[in-house]
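S.K.: Here is what each chain is made of, one letter per residue.
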Amino acid sequence: MTDKEIIEQLKKIVGEKNVQADKIGLTSYGYDATLLSGVGLAAVFPLSTEHVVKLVKLANEAGFSLIPRGAGTNLSGGTIPDERSVTVNFNRMKKILDIDTDNFVAVVEPGLVNFDLQAELEKEGFYYPPDPASYKATTLGGNLGECSGGPRCFKYGVTRDYILGLEVVLPNGKVIQTGGRNFNSEPEYDLTRIIVGSEGTLALITKIFLRILPLPAAKKTMLAIYNRVEDASQTVSDIVAAGIVPTTLEMMDNLLINTAEDATGAGLPRDAGALLIIEIDGHPEDMDEQVETIAGICKKARVREFKIARTAAEVDQLWLARRVVIGSVARRRPSYSLQDITVPRSMFPNMVSGILQIAKERNLEVGILAHAGDGNMHPLVLFDQRIEEEVERVHLAEKDICTLALELGGTMSGEHGIGLLKKKYITLEFSPVAMDCFAKIKNSFDPRHLLNPGKIMNLQS
Amino acid sequence: MSNEIVNRIKGLVGEDHVVDSPAGMVRYLKGQGQPLAVVMPGSTVEVAEIVKLANKENLKVAVGGLSVESRGLDGGLAMVMSGMNQVLEIDHANLTATVQPGLSHAEFSRILAEQNLVFPPEPYAPKTGSVGGCFALGGADSQAFQYMPVRTYLLGYEMVLPNGDILEVGNKCIKNVSGYDMIHFAVGSRGTLGIFTRLLVKLLPPPAVKMALVADFASLPKACQAIATLIKRRIFPTRLNLLNPTLAARIDPGAKGNLVMVDLTGFKNSTELLAEEMAGIFHLAGSGEVRIVKEAEAYAKLWQEWLDLRGELNTTWAERVLDFNVGPMKLAAVLQALADITGDLAAYPGLVVEGLLGRVRLLLPAAGEKEEMAVKVNTLAMSFGGNVSGNFGSKLVCRAYNDAEMWEGIESLLGQIRRQFDPKGILAPGVSL
Ligand SMILES: Cc1cc2nc3c(=O)[nH]c(=O)nc-3n(C[C@H](O)[C@H](O)[C@H](O)COP(=O)(O)OP(=O)(O)OC[C@H]3O[C@@H](n4cnc5c(N)ncnc54)[C@H](O)[C@@H]3O)c2cc1C
Ligand SMILES: Cc1cc2nc3c(=O)[nH]c(=O)nc-3n(C[C@H](O)[C@H](O)[C@H](O)COP(=O)(O)OP(=O)(O)OC[C@H]3O[C@@H](n4cnc5c(N)ncnc54)[C@H](O)[C@@H]3O)c2cc1C
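If you read the sequences in order, they're chains A and B. The numbering of the first sequence is our numbering, which starts it at 3 and goes up by one. The numbering of the second sequence is our numbering, which starts it at 2 and goes up by one.
One chain only, chain A, in its complex shape (with noise of 0.2 Å):
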């Protein structure tokens, strides 16, 4: 088939309206939130499940890729077309298909943003524990995709502890259902955890059944500010091993703090070393004890300021340069690269240590925002794009970063995935034994290797 055919047909499996082939429209869809770009094919948006078989099916006859995509916002290149791949927007496909607050499952379609079930959630007290920081835009079909966490995980765990089941297109065309609305439906293997995180190179998601929860009745913020990261840390081991365990433990480093300060004005002290949000929540009866036994562990850890909030107003304040920070670091350099690193708790101030150590021998600021309750880090390397020499020294920074983490107990990819950005450095995590199951699974999917082609590892056809 030639490209124009290929076309014709994607227009009359999705309709004209529902088709992007023009080159300079497609370079909207050709790109995510890392420096890659690429241009396929086309894009298309289904609107249903029998969409989504028949572009499978048309891509098994014609030979052309598939490249799922939900808002385009990971950190993976994860959704980099290249010219032989139809990008297939599940945007268009976002209803939610059912609430059902007394049994604790909702059913979506993938391209529904994550913001916009909460908020259908909250009209009834409930909400669904996985929040990425890019929640507002992101789509639960890319939060599935990369198995996204985000700040409450620690408590509440990741993406994929909230998927019962799924319906999927595989790449043969059919249709199944994994899972269900229950823990107990898996058809033996746990086909739900294979394909949540495989970064759409299994299966295409066209409904998710998911796992929510009434809002806690009770929540309490407080803010640590410390002169040494080390202090931070501490707090963080003590407050787990007093078997409290917090949603929320944010921290963000000396570079961090400053730069949040020149953007907010806020009041944060220039010198700390480290500045921890601690957020706990629960039965209403029990906040007073443990926001009593977090205070006396920060006072032990030589906290030099501790607040609690009050008032909404005050929880909005000591979230302000937690809110702020990403952007707050674009007054320094123009271009920033946001790594996802995981150690285990322990390991946590050497990492911090050793991340200083990187920036000073690569030459670059480096600020620290880190999830500290589960050793997530996302290093912010500080470059200017157009410095050719500079980029090339943030690649080797970020190599030098994953290699840390990996030695110190950890992995590369805590809650960003791999795609192509961190797929050469995969060898360094995996053995080649690991490496072949990860292609037995590949091939037991996709033989023909159909779907985001390229992504997480080479293959050979």
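These aren't lab readings, by the way, just hints derived from the structure by calculation. Some hints here could point you the wrong way.
Stated by the list, open to error - Keeping only pairs whose Cα atoms sit at most 30 Å apart, straight-line, the calculated DSS-like set for lysine-lysine is:
| # | chain 1 | residue 1 | chain 2 | residue 2 |
| --- | --- | --- | --- | --- |
| 1 | B | K269 | A | K221 |
| 2 | B | K295 | A | K157 |
| 3 | B | K53 | B | K31 |
| 4 | A | K14 | A | K59 |
| 5 | A | K401 | B | K203 |
| 6 | B | K203 | A | K425 |
| 7 | A | K362 | A | K442 |
| 8 | A | K13 | A | K56 |
| 9 | A | K176 | A | K96 |
| 10 | B | K295 | A | K221 |
| 11 | A | K14 | A | K209 |
| 12 | A | K96 | B | K396 |
| 13 | A | K157 | B | K233 |
| 14 | B | K211 | B | K223 |
| 15 | A | K59 | B | K371 |
| 16 | A | K426 | A | K25 |
| 17 | B | K53 | A | K157 |
| 18 | A | K97 | A | K209 |
| 19 | A | K176 | B | K396 |
| 20 | A | K301 | B | K203 |
| 21 | B | K377 | B | K425 |
| 22 | B | K269 | A | K157 |
| 23 | A | K97 | B | K233 |
| 24 | A | K138 | A | K96 |
| 25 | B | K128 | A | K209 |
| 26 | A | K302 | B | K203 |
| 27 | A | K442 | B | K425 |
| 28 | A | K362 | A | K426 |
| 29 | B | K233 | A | K221 |
| 30 | B | K371 | B | K128 |
| 31 | B | K128 | B | K11 |
| 32 | A | K125 | B | K233 |
| 33 | B | K377 | A | K176 |
| 34 | B | K269 | A | K302 |
| 35 | B | K203 | A | K221 |
| 36 | A | K209 | B | K53 |
| 37 | A | K25 | A | K59 |
| 38 | A | K309 | B | K269 |
Place chain B with the ligands on chain A using the hints.
M.R.: This is chain B with the ligands only, laid out in the frame that chain A set:
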């Protein structure tokens, strides 16, 4: 030929770790299969060597903690993991443990309790189950509303694959999305993808206080109503289980009627308040007697009895158990409709409900009825948005929708995965997907 193989295996693991006399093998086997030998490896390398040999000679291999399912294992090898039963590390700072797979699940819990730590999954079979088996079986137990399914506790493992390769994945990080999620995919694979030789598991600190509530209900609908009231009021205890009178009598010989068993763990203030509130709700809902169990020994005994009962359902009675799920708020209506099929559920051989999960297990009068009952019960469960559990349930759902194509899609995918990993089909011959 077979003698020669047994000798080679003895050469690999040592004479003392191989049993090949039929009389000697009996205690290690479940079912009627006749393997060539029972072998008890002491290390990962030994497991790998045995599997390589089995691969070359086309021998089937099945694994177990203390005993092995021998179905389909004629002429093959039964691998008993109890020689690999050590706790290799307990890491308090990261709340993890590294253990060998043959460690008894119950023993593991005991060791952790001494160190003031908890491994929440309920043992599948408290007397015999191993930690390796716990993850090989996976699933969700009656605490899953709060503590999540079994897979949540696996952070990594070492596994000998069907070709003898050694796979290592995972680390002490809860957040990890690197590569395909082989870590959780292995959970529930029942020994078909490989043999666990080391497990890295997540632990929790113990809750500040624990107490139980036990309430008798003469009427099953009223007991269900009480459960519904708790959910409506957003009271979610750790466990909320219901037994019909036949099974209740096993746990509490003095039980009058149906028994609701509540496990309540958490911080002191809320736990005590909730216990009082729940007791009030149960009284109002028509419970004859509500007992609050605070004393540690009585509390432990009560839940051990629950675990033992659960173990019976999973083992001795397994062929007679029909397991289905519906939404928790639909329990009352489902059980009412179910009685039209089963007759009075109070007199039935067994009914177990895990209230927060909407999970129902029926102990049928006889194993022979299972298939026929499953079809009826699945139809009923589907009309309430639920289904019979697991693979069997998937098949029934597809059948009910008359969707042969979907079932074929699932079955061929499962088969494809299994073949990719185990092309010769040597592992876990007794497990059909
Ligand atoms: C400022 C910023 C903050 C962020 N904060 C966080 C954070 O806190 N936590 C976090 O985890 N991530 C974060 N991210 C990363 C990103 O937002 C997440 O990965 C998000 O889940 C991606 O969703 P999306 O809709 O943009 O998906 P996309 O980027 O479009 O796609 C993501 C992946 O999913 C696949 N996919 C999409 N839809 C489907 C489908 N229907 N079927 C199969 N595969 C599909 C794609 O092929 C791709 O591999 C952040 C990103 C930015 C830019
Ligand atoms: C239809 C049916 C009928 C049954 N009938 C009976 C019965 O009559 N009597 C009875 O006792 N049980 C029965 N069972 C239960 C079954 O045999 C359980 O596997 C077993 O009882 C669980 O306890 P265990 O002592 O075998 O645990 P374990 O020895 O811990 O094993 C549990 C499971 O995990 C697997 N496994 C164990 N270790 C590993 C490892 N290291 N790597 C990979 N996989 C591993 C085993 O192969 C087994 O499938 C039945 C189950 C079903 C589904």
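S.K.: Does each hint fit the structure? Answer for all of them.
M.R.: A quick look at each hint next to the structure:
1. Restraint check for K269 (chain B) and K221 (chain A): satisfied, since their Cα atoms lie roughly 17 Å apart, inside the 30 Å limit.
2. Of the supplied pair hints, the one linking K295 (chain B) and K157 (chain A) holds, its CA atoms being roughly 27 Å apart against a limit of 30 Å.
3. Our distance criterion of 30 Å between C-alpha atoms is met by K53 (chain B) and K31 (chain B), whose separation comes to about 24 Å.
4. Restraint check: the Cα-Cα separation between K14 (chain A) and K59 (chain A) comes to about 13 Å, which is no more than 30 Å; the hinted pair holds.
5. At roughly 29 Å between alpha-carbon atoms, K401 (chain A) and K203 (chain B) fall within 30 Å of each other, so this suggested pair holds.
6. Simply put, K203 (chain B) and K425 (chain A) have alpha-carbon atoms about 28 Å apart, close enough for the 30 Å limit, and the pair holds.
7. Of the supplied pair hints, the one linking K362 (chain A) and K442 (chain A) is violated, its CA atoms being roughly 41 Å apart against a limit of 30 Å.
8. Distance hint between K13 (chain A) and K56 (chain A) is fulfilled; the C-alpha atoms sit about 11 Å from each other, no more than 30 Å.
9. Between K176 (chain A) and K96 (chain A) the alpha-carbon distance is near 21 Å, which keeps this suggested pair within the 30 Å criterion.
10. Pair hint K295 (chain B) plus K221 (chain A) holds up; C-alpha atoms about 28 Å apart against a cutoff of 30 Å.
11. Annotation: proposed proximity of K14 (chain A) to K209 (chain A) holds, straight-line Cα distance about 23 Å (limit 30 Å).
12. Distance check on the hinted pair: K96 (chain A) and K396 (chain B) sit about 29 Å apart at the alpha-carbon level, within 30 Å; holds.
13. For a cut-off of 30 Å, the pair hint linking K157 (chain A) to K233 (chain B) stands: about 23 Å separates their Cα positions.
14. Restraint check: the Cα-Cα separation between K211 (chain B) and K223 (chain B) comes to about 26 Å, which is no more than 30 Å; the hinted pair holds.
15. Annotation: proposed proximity of K59 (chain A) to K371 (chain B) is violated, straight-line Cα distance about 39 Å (limit 30 Å).
16. With a C-alpha separation of about 29 Å, the suggested pairing of K426 (chain A) with K25 (chain A) holds against the 30 Å cut-off.
17. Using a Cα cut-off of 30 Å, the hinted pair K53 (chain B) and K157 (chain A) is violated, with the two alpha carbons roughly 42 Å apart.
18. Pair hint K97 (chain A) plus K209 (chain A) holds up; C-alpha atoms about 10 Å apart against a cutoff of 30 Å.
19. For the proposed pair K176 (chain A) and K396 (chain B), the alpha carbon gap of about 16 Å is at most 30 Å, so the pair holds.
20. This hinted pair checks out: K301 (chain A) and K203 (chain B) have alpha carbons roughly 29 Å apart, not beyond 30 Å.
21. Between K377 (chain B) and K425 (chain B), the direct Cα distance comes to roughly 37 Å. Violation of the 30 Å bound is thereby established for this hinted pair.
22. A C-alpha spacing of about 19 Å is found between K269 (chain B) and K157 (chain A), which places the hinted pair at or below 30 Å, so the restraint holds.
23. At most 30 Å may separate the alpha-carbon atoms for a hinted pair to count; K97 (chain A) and K233 (chain B) meet this at roughly 27 Å.
24. Only pairs whose Cα atoms come within 30 Å are accepted, and K138 (chain A) paired with K96 (chain A) is accepted, the gap being roughly 14 Å.
25. In summary, the hint linking K128 (chain B) to K209 (chain A) is not supported, as the alpha carbons are separated by about 41 Å, beyond the 30 Å threshold.
26. Restraint check for K302 (chain A) and K203 (chain B): satisfied, since their Cα atoms lie roughly 27 Å apart, inside the 30 Å limit.
27. For the suggested pair K442 (chain A) and K425 (chain B), the alpha carbons sit about 15 Å apart, so the restraint of at most 30 Å is met.
28. Of the supplied pair hints, the one linking K362 (chain A) and K426 (chain A) holds, its CA atoms being roughly 24 Å apart against a limit of 30 Å.
29. For the suggested pair K233 (chain B) and K221 (chain A), the alpha carbons sit about 21 Å apart, so the restraint of at most 30 Å is met.
30. A hinted pair counts as satisfied when its Cα atoms are at most 30 Å apart, and K371 (chain B) with K128 (chain B) qualifies at roughly 26 Å.
31. Distance check on the hinted pair: K128 (chain B) and K11 (chain B) sit about 29 Å apart at the alpha-carbon level, within 30 Å; holds.
32. Among the hinted pairs, K125 (chain A) with K233 (chain B) is consistent with the structure: their alpha-carbon atoms are about 16 Å apart, no more than 30 Å.
33. At most 30 Å may separate the alpha-carbon atoms for a hinted pair to count; K377 (chain B) and K176 (chain A) meet this at roughly 28 Å.
34. Simply put, K269 (chain B) and K302 (chain A) have alpha-carbon atoms about 24 Å apart, close enough for the 30 Å limit, and the pair holds.
35. A distance of roughly 26 Å separates the Cα atoms of K203 (chain B) and K221 (chain A); the hinted pair therefore holds under the 30 Å criterion.
36. Using a Cα cut-off of 30 Å, the hinted pair K209 (chain A) and K53 (chain B) is violated, with the two alpha carbons roughly 42 Å apart.
37. Among the hinted pairs, K25 (chain A) with K59 (chain A) is consistent with the structure: their alpha-carbon atoms are about 24 Å apart, no more than 30 Å.
38. Annotation: proposed proximity of K309 (chain A) to K269 (chain B) holds, straight-line Cα distance about 25 Å (limit 30 Å).
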